[in-house]
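Throw the hints in and build the complete structure from the sequences for me.
Listed below, chain by chain, are the residues.
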Amino acid sequence: MTSTTSTPTLLSVQRLTMRFGGLTAIDDLSLDVPAGKITGIIGPNGAGKTTLFNCLTGFYKPTTGTLRLAHPERGEMRLEALPSHRVARDAQVVRTFQNIRLFPKMTVLENLIVAQHNVLQRASKFSVAGIFKLPGYRAAERQAIDRAAMWLERLKLTHLADHAAGDLPYGIQRRIEIARALCVDPVLLCLDEPAAGLNPRESAELNELLLYLCGELGIAILLIEHDMSVVMNVSDHIGVISYGRKIAEGTPEQVKHDPQVIKAYLGEDEDEGAAAA
Amino acid sequence: MSAVVFARHAMTPAERLRDASWVAFVGLILGIPLIGLTTVDVGGKLAIETRFGLLAAAVVAVFFGRLLLRWAVDQARNRKLDRDRASTATAADRARGTQKLVSVLGWLALGASIALPIAFSDNRYVVDTATTVLIYVMLGWGLNVVVGLAGLLDLGYVAFYAVGAYSYALLSTQFGWSFWEALPVSGAIAASFGILLGYPILRLRGDYLAIVTLGFGEIIRIILVNWTELSGGPNGIGSIPRPSFFGLEFTRSAPEGQQTFADFFGLEFSAMHRLIFLYYLILVLALLTNLFVSRLRKLPVGRAWEALREDEIACQAMGMNTTNIKLSAFAIGAMLGGFAGVFFAARQGFISPESFVFTESAIVLAIVVLGGMGSQMGVVLAATLLVLIPEFGRNFSEYRMLLFGLAMVLIMVWRPGGLLAHREPTLRLNPLVQDAGAKEAA
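Here the protein sequences line up with chains A and B, keeping their order. If you're matching positions, the first sequence starts at 1 in this note's numbering and goes up one per residue. If you're matching positions, the second sequence starts at 278 in this note's numbering and goes up one per residue.
It cannot be assumed that every hint is accurate.
[What the hints assert, rightly or not] Label pairs and their calculated CB-CB ranges:
| id | chain 1 | residue 1 | chain 2 | residue 2 | range |
| --- | --- | --- | --- | --- | --- |
| 1 | A | LYS61 | B | TYR557 | 53 to 59 angstroms |
| 2 | B | GLU675 | A | LYS125 | 52 to 58 angstroms |
| 3 | B | MET689 | A | SER229 | 44 to 50 angstroms |
| 4 | B | GLN376 | A | GLN98 | 48 to 54 angstroms |
| 5 | B | ALA698 | A | TYR212 | 35 to 41 angstroms |
| 6 | A | ASN99 | B | TYR402 | 54 to 60 angstroms |
Bear in mind the hints are in silico, worked out from the structure with no lab data behind them. Predicted model only: the values in this text are computed from it and were never measured. We put the CB at the ideal spot given by N, CA and C, even for glycine.
Here it is in structure tokens:
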């Protein structure tokens with residue numbers, strides 16, 4: 001399962017560059033994300049991984065380069081031209097955040113319902129049908145709750161549904177964020193360090209979940225992760241970034257033994273290692 | 278000075294004594310010029326006289342006062358800790374309890390507000406004050422959409438109140454529109470001003486947003502002062518028609534071919550009829566506002582407002598168009614403020630820019646914050662307090678505003694989240710009733 005020749009490409013990043021003033025965070029990066037697979041992105045701190053996510057999901061406008069998404073229903077879409085809310089709504093590329101961003105005072109269930117805002121807002125006919133509690137809207141609301149309940153069940157969160165999301169432990173908040181992203185109905189799910197702060201057992205559960213999402217539901221996953229027990233075990237394909245450039249790409253085995261990667265992580269000798277840290 | 282700190286732990290007696298000594302020492306230093314020395318008039322010249330006895334008494338009072346205060350604070354803290362410890366297991370019970378309390382309070386308030394004009398049918402002052410309270414309640418509910426739900430700090434809310442009031446004043450005096458015709462149109466005009474304000478400040482947050490909205494409020498007021506041809510300038514607009522009861526006027530004698538309210542119902546004419554009618558009118562408007570906002574809160578748009586308050590970036594990542602969400606919050610809030618303005622103009626019969634100064638915005642914002650952001654019932658409590666405290670304070674004349682300020686500080690110390698900070702979820706997976714049943718079964 002080397003490279004992407006066997007499966008169609010879902011997202012194709014071509015010659016992406018992102019500059020902030022004099023700082024080049026991403027430098028001429030090209031990367032293909034295959035459909036229905038898990039693609040890992042690794043690299044030292046400050047390599048530009050999160051910047052890549054921000055470009056992908058419309059939070060940053062790339063300086064140059066293209067991001068082509070082969071959407072299964074809507075055809076080719078250019079993500080770099082879309083504002084962030086349309087990337088999630090129309091292109092169905094949904095992300096989570098490194099420093100969890102839930103709606104803390106709202107309950108877990110409400111978080112998941114908010115994620116289905118666009119569907120519900122359409123059903124509520126800009127609130128007119130909703131105000132009068134028309135049957136069409138009520139059915140849509142029922143459906144949204146069922147859908148949320150399904151994901152809560154799947155992520156073992158049902159008993160916490162009516163708790164304020166911000167009051168729950170860190171590991172659980174991570175899971176809620178993933179559940180919320182799934183409620184948007186993603187074609188491509190971008191997870192920014194989902195295993196950060198999880199204990200080994202929780203990491204193992206995360207692995208299982210990612211394999212289920214990808215294997216059973218066919219959702220393509222793009223994964224930024226430092227926890228090698230997660231990234232090496234679940235990824236079909238890994239891209240390694242350092243100083244904004246792609247330095248290696250391939251299967252977990254290939255990447256693990258790539259001299260460039262070892263150099264980027266451990267440094268060539270002591271001096272350079274200290275500089276990189 | 279390190280001894281004078283609000284220690285988080287309970288103090289030992291030695292610590293208490295040291296703390297009180299420090300405070301007494303500070304009192305002594307401050308007291309020498311304030312109490313110890315005083316000027317007296319000796320034959321047309323000023324001389325300094327000492328009052329060390331009084332100073333000593335004051336220092337002793339400070340010492341024991343501080344001891345007592347520390348002791349009381351520790352006692353209160355311990356009691357609170359005990360209470361918290363005892364009640365951690367029953368979060369769902371507490372939520373249910375608060376929910377029940379709020380709904381009981383709501384029904385009580387509704388009953389009292391319906392009965393009030395009947396009980397005080399000949400007391401002009403009470404009915405008038407109650408009408409003022411209701412105007413503030415309505416304004417509070419309107420601003421609650423913008424500040425409490427959507428989390429957009431708006432310091433210029435009075436602008437929309439003014440737009441509503443002037444729209445009605447102009448539509449009725451210039452074009453002869455009736456109250457009921459002008460009400461929706463004025464609301465719509467206020468809403469478009471809300472959108473007009475919303476556009477330029479979409480990217481602003483927090484302090485910056487507050488400053489721009491503050492500026493907007495002032496712009497509207499200054500336009501009203503200076504555009505004399507439109508608004509009558511500082512002289513305002515007078516003889517604004519009063520609302521009628523389905524075409525029946527509240528006057529002593531009706532024009533040719535029409536009946537007055539008193540004639541129609543065979544009552545003796547009384548000026549109170551109109552006041553009571555106005556009271557019920559604002560009560561109905563306020564209740565409709567409440568119903569409207571509570572419904573919206575449970576709809577996608579309401580949840581989107583709350584989500585926007587919680588995290589704007591996460592909203593975008595969920596595919597929500599934050600521009601539309603912000604504009605809808607501004608428009609709805611402005612529309613409700615506009616409705617309140619229409620009522621205000623119709624009640625007063627005369628409006629001028631003086632009624633729409635920054636203080637009004639500040640009071641409405643204070644109502645929302647003191648009531649507990651986003652809480653409908655909290656707004657009612659806070660509006661009642663904020664209107665009634667200055668009224669009761671009339672006996673203390675010059676201390677009135679001092680009392681008002683003190684009350685606000687005390688509320689914030691006692692309940693930092695507002696009077697009713699409890700947030701009821703818009704929907705539940707396991708309804709509370711079922712929850713209780715399951716617990717009983719277990």
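Status of the hints after comparison with the structure:
1. A:LYS61 - B:TYR557: 53 to 59 angstroms: Since the Cβ atoms of LYS61 of chain A and TYR557 of chain B sit about 56 angstroms apart, the hinted range of 53 to 59 angstroms holds.
2. B:GLU675 - A:LYS125: 52 to 58 angstroms: holds, 56 angstroms
3. B:MET689 - A:SER229: 44 to 50 angstroms: Check passed, 49 angstroms falls within 44 to 50 angstroms.
4. B:GLN376 - A:GLN98: 48 to 54 angstroms: violated, 36 angstroms
5. B:ALA698 - A:TYR212: 35 to 41 angstroms: Holds, since ALA698 of chain B and TYR212 of chain A (Cβ atoms, about 40 angstroms apart) stay within the stated range.
6. A:ASN99 - B:TYR402: 54 to 60 angstroms: holds, 56 angstroms
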